[in-house]
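J.: Sequence:
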Amino acid sequence: MNEKWIKIKDIVLQVLAVGFVLFIVFYPSSKNQSASVLQAVIQPPNELWEPVQNVPDDIYFYYPLAVGNSWEYKGWEKMWEGDGSSGEEIIKPYNHMITIKSIKKNKDNIFEIEKETCNGNNNQNNPGSCSLGRFYLVNKDVCYSRDCQELALSFPLPEDAALIDESYKDRMAIVDDRRYVNFIHKKQKNIVLGKEIDNCFLIEYKTLPDESIDTFCYGIGFVSSLYKHHGSLDDIEDKLIKINFVE
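Mapped onto the working numbering, the consecutive letters of the sequence shown carry residue numbers 1 to 247.
Note that these hints are calculated values from the structure, not bench results.
Don't be surprised by glycine CBs; every beta carbon is placed ideally from N, CA and C.
Misleading hints may appear alongside valid ones.
[What the hints assert, rightly or not] Listed next, the in silico DSBU-like pairs over lysine-lysine satisfying Cα-Cα at most 30 Å (straight line): (1) 228 / 239; (2) 239 / 195; (3) 105 / 115; (4) 242 / 92; (5) 74 / 239; (6) 74 / 195; (7) 140 / 187; (8) 187 / 115; (9) 140 / 195.
[To be verified] Ranges of calculated distance between the beta carbons of each label pair, as one might list FRET restraints: (10) 91 / 50: 43 to 49 Å; (11) 195 / 128: 27 to 33 Å; (12) 219 / 130: 25 to 31 Å; (13) 134 / 176: 27 to 33 Å.
Starting from the given sequences, assemble the full structure and let the hints guide the process.
T.: Below you can see the structure in the form of C-alpha cells.
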C-alpha cells in the first residue's frame with residue numbers, strides 16, 4: 001500500500017471518528033425533537049371547553065343542573081357487625097350532600113358536569129370527606145362517559161322500559177334479563193319535601209348479588225335511593241331532605 005492510500009485512509013478514519021462524536025453529542029436532542037414532532041402529529045391539540053352556568057333549558061326542566069345547585073340527603077345503613085352468630089345487626093345513620101361544582105361544553109355541545117359529594121362525619125364510609133366525580137350530557141342523554149356507552153338517564157324518561165345503551169346491547173345478544181341496565185318503571189306521584197310531585201320514576205338496577213332502586217322526579221332530581229345486597233346484610237336507604245338551587 002503506497003503513502004497516498006495511507007493518508008487517505010487516515011483522513012477517512014478521522015472523519016468517521018468526528019462523525020461518531022457528533023452523533024453521540026447531538027443524537028439525544030434530535031431524537032427528542034423528532035419525538036416531539038411525532039407526538040404533535042399523533043396527539044391533537046387540547047380540546048377547548050367553554051365554562052357555562054347550567055345545562056340547556058329543555059334539560060333543566062327535567063334535571064336542574066346548574067353551578068351551585070345542591071341536594072342534601074339523610075339515610076341509614078343496616079349491616080352485620082361482628083363474626084357469625086356472635087355478631088349483631090346494627091343501623092348506622094349518615095348524611096351526604098351533592099353539589100354541582102362546574103359545567104362546561106365543547107364545540108360538539110357535549111356538556112361535562114363536575115359534582116362534589118361530601119359525606120357527613122357520622123358516615124362510616126369516608127367520614128367527613130368530599131370527592132369529585134363527572135358525568136356527561138350528550139343531546140338529551142345523561143351518560144357516565146363522553147362516548148355514552150352506558151346511559152344513566154335519557155329525557156324524557158321512558159315508562160316501563162330499559163335504557164338500551166351500547167353496553168346493554170352486547171348483553172341482549174345473549175340474554176335480555178333486565179340485569180345490568182337502568183330499567184324505568186311507570187310514572188307515579190311522590191311526596192317530596194312536603195309537596196306532591198306528579199312526574200316521578202323508579203329506576204331499578206339489578207345485578208346477580210345486589211340491586212338498587214332510585215327515585216327521580218322531574219324538576220328536582222334524585223329524591224331517594226335504596227340498595228340491597230342479597231348475599232349479606234348490607235342495606236342502605238336515603239332520602240332527600242333539602243335542595244339548594246341557585247336562582
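J.: Against this structure, judge whether each hint is valid.
T.: So, going through the hints one by one against the coordinates:
1. 228 / 239: holds, 15 Å
2. 239 / 195: holds, 14 Å
3. 105 / 115: holds, 15 Å
4. 242 / 92: Distance of about 20 Å is within 30 Å: holds.
5. 74 / 239: holds, 6 Å
6. 74 / 195: holds, 18 Å
7. 140 / 187: This hinted pair holds, its Cα atoms lying about 19 Å apart.
8. 187 / 115: holds, 27 Å
9. 140 / 195: Holds, at roughly 27 Å.
10. 91 / 50: 43 to 49 Å: For residue 50 against residue 91, whose Cβ atoms are near 46 Å apart, the range 43 to 49 Å holds.
11. 195 / 128: 27 to 33 Å: Cβ of residue 195 to Cβ of residue 128: about 31 Å, so the range 27 to 33 Å holds.
12. 219 / 130: 25 to 31 Å: Holds, at about 26 Å.
13. 134 / 176: 27 to 33 Å: holds, 30 Å
Going down the numbered hints, you'll see the structure goes against none, and every one checks out.
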